[in-house]
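Visitor: Given chain R, put chain F in place with the hints provided.
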Amino acid sequence: ETGVTQTPRHLVMGMTNKKSLKCEQHLGHNAMYWYKQSAKKPLELMFVYSLEERVENNSVPSRFSPECPNSSHLFLHLHTLQPEDSALYLCASSQDALYEQYFGPGTRLTVT
Amino acid sequence: DAKTTQPPSMDCAEGRAANLPCNHSTISGNEYVYWYRQIHSQGPQYIIHGLKNNETNEMASLIITEDRKSSTLILPHATLRDTAVYYCIVRPSPKGSSNTGKLIFGQGTTLQVKP
Numbered sequence: 001e002t003g004v005t006q007t008p009r010h011l012v013m014g015m016t017n018k019k020s021l022k023c024e025q026h027l028g029h030n031a032m033y034w035y036k037q038s039a040k041k042p043l044e045l046m047f048v049y050s051l052e053e054r055v056e057n058n059s060v061p062s063r064f065s066p067e068c069p070n071s072s073h074l075f076l077h078l079h080t081l082q083p084e085d086s087a088l089y090l091c092a093s094s095q096d097a098l099y100e101q102y103f104g105p106g107t108r109l110t111v112t
Numbered sequence: 001d002a003k004t005t006q007p008p009s010m011d012c013a014e015g016r017a018a019n020l021p022c023n024h025s026t027i028s029g030n031e032y033v034y035w036y037r038q039i040h041s042q043g044p045q046y047i048i049h050g051l052k053n054n055e056t057n058e059m060a061s062l063i064i065t066e067d068r069k070s071s072t073l074i075l076p077h078a079t080l081r082d083t084a085v086y087y088c089i090v091r092p093s094p095k096g097s098s099n100t101g102k103l104i105f106g107q108g109t110t111l112q113v114k115p
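Protein chains in written order, with the working numbering: chain R, 1 to 112; chain F, 1 to 115.
Simulated from the structure, these hints should not be mistaken for laboratory data. Some hints could be false.
In silico DSS-like pairs for lysine-lysine, Cα to Cα no more than 30 angstroms straight-line [said to hold, decoys possible]:
id, chain 1, residue 1, chain 2, residue 2
1, R, 22, F, 69
2, F, 3, F, 69
3, R, 19, F, 102
4, F, 69, R, 40
5, F, 102, R, 41
6, R, 18, R, 40
7, R, 36, F, 69
8, R, 41, F, 114
9, F, 52, F, 3
10, R, 41, F, 3
11, R, 41, R, 19
12, F, 3, F, 102
13, F, 69, F, 52
14, F, 3, R, 40
15, R, 36, R, 18
16, R, 19, R, 36
17, R, 40, R, 19
18, R, 41, F, 69
19, R, 22, F, 102
20, F, 102, R, 36
21, F, 69, F, 102
22, F, 102, R, 40
23, R, 36, F, 3
Bear in mind that the values here come from a model prediction, so they are computed numbers and not experimental data.
Just chain R, with the same shape it has in the complex:
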């Protein structure tokens, strides 16, 4: 238990659906991150939020839309995804950008 929770743990969605992934951290951290891990590929950073402000968007397609309403919660809104977007989506948090990151268990997403 790392203090970072993600829901749902598994999600299957069609290409025309709209869904959201939720991440919550109970560590009092100021920075939160979304990563994508596709099969047989390294983790790829998607977005970084620091003090609820997006500080990095790593060339992610607009069909992925992050939202950080407060320092404890991070969402990833999904719409019109493609089958190649099927992956494990991981959320992480850190005290600030200088400190080690703590990861949630991930959401296994399958796009059909």
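Guide: For chain F alone, kept in the frame of chain R given last:
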């Protein structure tokens, strides 16, 4: 950002020390070495980090060479639950406004601890 090189896989006998090497020959003076691991189907887990001195915590020890071009993560008494992919990451410099805390993961080393 400095890149790291790790062997793709290693085996270790249960109860023995696991020594995982990492090369980071292009590391710059103020970059840290971080180690994470990812057990199958779980999120990565922070293990340890260091700058130039050797470090030890309840999980592992980190030995960094004097020239800082390589390091070794040591799990002193490996157990079956230590079977995982181990990532060595050189952290972008903490100085400067461009640092967003980005971690760049490579392929890592798959450590298989065997009974």
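Visitor: Which earlier hints turn out false for this structure, listed by number in ascending order?
Guide: 1
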